[in-house]
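Student: Numbered continuously in full-length UniProt numbering, the sequence shown closes out at residue 569.
Errors might be hidden in some of the hints.
Using C-beta positions, here's what the derived DEER-type ranges look like [claimed, not checked]:
#1 65 / 464: 28 to 36 Å
#2 116 / 246: 31 to 39 Å
#3 472 / 72: 35 to 43 Å
Derived lysine to aspartate or glutamate pairs resembling EDC-like cross-links, with alpha carbons at most 20 Å apart [to be verified]:
#4 258 / 154
#5 393 / 243
#6 258 / 461
#7 146 / 243
#8 256 / 227
#9 256 / 84
Read the hints as simulated data drawn from the structure, not as lab findings.
Quick reminder that beta carbons are idealized off the backbone N, C-alpha and C, glycines included.
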Amino acid sequence: MVRTWPFVLDVGVAFCGLALFFAVLHIARYWLGTPAPVVPISHSARALPLYAFYSMFRIGIAYLLSLIFAIAYGYTAARNPRLEAWMIAVLDILQSIPVLSFLPPVVLAMVSLIPGHQLGIEMGVILLIFTGQVWNLAFSFYSSMKSIPREMMEAARVYRYSAWQRFWQLEMPYSAIGLVWNSIVSVAGGWFALMLCEMFTMGDRNFQLPGLGSYIQSAANSGDVPELLSGIGVVILIVVATDQLVWRPLIAWSDKFKFEQVESADRVTSPVLELLRRSTLLNSLPGRLWTQVQLPIYRRLARSQENRIVHPIDDDAEGRKGAIAFWMVAATVAIAGVWAIMQAVVMLRTITWHEMLHLLAGAAATFLRVNAALLISAAWTVPVGVAIGLNPKLARVVQPVAQVLASVPASAFYPVLLIGLLKIGGGLGIGSIALMLLGTQWYILFNVIAGAMSIPSDLREVSKLYRFTRWQRWTRLILPGIFPYLITGMVTASGGAWNASVMAEYAKIKDHTLMTIGLGAEISSATENGRFPIILLATILIALMVVTMNRLVWRRLYRLAETRYKLEA
Numbered sequence: 001m002v003r004t005w006p007f008v009l010d011v012g013v014a015f016c017g018l019a020l021f022f023a024v025l026h027i028a029r030y031w032l033g034t035p036a037p038v039v040p041i042s043h044s045a046r047a048l049p050l051y052a053f054y055s056m057f058r059i060g061i062a063y064l065l066s067l068i069f070a071i072a073y074g075y076t077a078a079r080n081p082r083l084e085a086w087m088i089a090v091l092d093i094l095q096s097i098p099v100l101s102f103l104p105p106v107v108l109a110m111v112s113l114i115p116g117h118q119l120g121i122e123m124g125v126i127l128l129i130f131t132g133q134v135w136n137l138a139f140s141f142y143s144s145m146k147s148i149p150r151e152m153m154e155a156a157r158v159y160r161y162s163a164w165q166r167f168w169q170l171e172m173p174y175s176a177i178g179l180v181w182n183s184i185v186s187v188a189g190g191w192f193a194l195m196l197c198e199m200f201t202m203g204d205r206n207f208q209l210p211g212l213g214s215y216i217q218s219a220a221n222s223g224d225v226p227e228l229l230s231g232i233g234v235v236i237l238i239v240v241a242t243d244q245l246v247w248r249p250l251i252a253w254s255d256k257f258k259f260e261q262v263e264s265a266d267r268v269t270s271p272v273l274e275l276l277r278r279s280t281l282l283n284s285l286p287g288r289l290w291t292q293v294q295l296p297i298y299r300r301l302a303r304s305q306e307n308r309i310v311h312p313i314d315d316d317a318e319g320r321k322g323a324i325a326f327w328m329v330a331a332t333v334a335i336a337g338v339w340a341i342m343q344a345v346v347m348l349r350t351i352t353w354h355e356m357l358h359l360l361a362g363a364a365a366t367f368l369r370v371n372a373a374l375l376i377s378a379a380w381t382v383p384v385g386v387a388i389g390l391n392p393k394l395a396r397v398v399q400p401v402a403q404v405l406a407s408v409p410a411s412a413f414y415p416v417l418l419i420g421l422l423k424i425g426g427g428l429g430i431g432s433i434a435l436m437l438l439g440t441q442w443y444i445l446f447n448v449i450a451g452a453m454s455i456p457s458d459l460r461e462v463s464k465l466y467r468f469t470r471w472q473r474w475t476r477l478i479l480p481g482i483f484p485y486l487i488t489g490m491v492t493a494s495g496g497a498w499n500a501s502v503m504a505e506y507a508k509i510k511d512h513t514l515m516t517i518g519l520g521a522e523i524s525s526a527t528e529n530g531r532f533p534i535i536l537l538a539t540i541l542i543a544l545m546v547v548t549m550n551r552l553v554w555r556r557l558y559r560l561a562e563t564r565y566k567l568e569a
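Please construct the entire structure, taking both the sequences and the accompanying hints into account.
Tutor: This is the structure in structure tokens:
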């Protein structure tokens, strides 16, 4: 019976590959067909599997694009000091801009670039989901790159690693834990964006695509609670299946990349991962293919002049190499910036002083809500995240529940909460902070868990050996150990709160419109009415506030994480 298991697993893997092949064919036929901006949404439960398939495919493609972009962007920012400050500032601004601010230009651009096919509309939606997933992944990879111990970089130079070898054998493994945990939150952010992007109004044009997001929105708009709960139930089932089949095995796999000198006695396990390791096909085929790709690259690099010489560590060397690239990028950005400013001035001239004052008041209100949600989230996620990351027994019970709750999009619960607010006669003044919490707290929690899990076991044993008090353990081991991850979580949570403001401050349920003063409400209302100058000015105000916070708070904390709280000898 034991010998038959690998064969059964190989057959299962082959069937999964075949199913994926036919799924791609079905999607290709649909996307290359005649464009249909408005597709009637069936309220029958039989349509849910097909809607779930479409939504999962959109999120999957957006996640792959996000992962590739995040690694490339984070690597470039970490390795080019001349570009670093600008790239991180831009990243901080982009991750704080609500999805609806990207919606008009992205959708209109994709429909114009790919006319005559459904692919244009679908690519617009996928890129919008991409904007809800990519930023915290990029921050995570950048933060991991900057916190690699100096002695590890020295070892890579002593052993004459090329940039390719250093990337795959040091930088990617060191970043694996943070990337896996942030991927969970990224996919949750993708579900959040999906709820906004599959069904929306832009001026006099309506867009409605088949998917779970449009199904839930349609059920909420009609006030059909059973259908609404059915859609949320399917989302939860997908999330639970993804947690057990994807995230849990990846967490167990990434645990081997923990930076420690003494192997931990408590290892993260996954039954699915242990089962997949018995597959002969999965154990042999990917390794052979990868060997065929990397061996010629390594042989060529070994013969190169650069790889035969041990270069001393020079922190400014890569900055000098990137000087030409820096000035080329700076010139391109300057030209594009001048053109964009001219267009923005023409558009903003239509805004009245009354509208300007209203937007400034909304900016102050949303800023206070965002920071209140941030502080409340940190107050409970830091102790809970540390407890989960450092206590394997507790982690086995709480961690799967936290992963499922985090992966269920906050926007799926919004209709239920809003219907509850309508029944009790409440508004969105204070309730919007609670709605923001659903979209922010998981960023901090999962980064804290990743930080706690990455604390080397030998340091934890030393703290026990020297009988640290609880205060000493927190101030000398735990907080310094999780500090880079905590800052990443706080920055991305801030962006999540700004994104959540568009749904937390403005919503339509049945025949009622719920809204409160804030930039999120202004952006939602302006998008619905096609008032692009209001969207532009609200986005500029968000960018100004984010840049100010970046300058005064986040950049200084990142510098502190890179210097004082970096794990090295």
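Student: If a hint holds in the structure, say so; if it does not, say that too.
Tutor: Structure-based check of all given hints:
The beta-carbon spacing between residue 65 and residue 464, approximately 44 Å, falls outside the hinted interval of 28 to 36 Å. In this structure, residue 116 and residue 246 meet the distance hint of 31 to 39 Å, their C-beta atoms being roughly 36 Å apart. In this structure, residue 472 and residue 72 meet the distance hint of 35 to 43 Å, their C-beta atoms being roughly 41 Å apart. For the hint pairing residue 258 with residue 154, the CA-to-CA distance comes to about 19 Å; that is within 20 Å, so the pair holds.
Distance restraint check for residue 393 and residue 243: the Cα-Cα separation of roughly 19 Å lies within the 20 Å cut-off, and the hinted pair is therefore satisfied. At roughly 15 Å between alpha-carbon atoms, residue 258 and residue 461 fall within 20 Å of each other, so this suggested pair holds. Using a Cα cut-off of 20 Å, the hinted pair residue 146 and residue 243 is violated, with the two alpha carbons roughly 29 Å apart. Straight-line distance between C-alpha atoms of residue 256 and residue 227 comes to about 43 Å, which puts the hinted pair past the 20 Å bound.
With a CA separation close to 30 Å, the supplied pair residue 256 and residue 84 exceeds the 20 Å bound.
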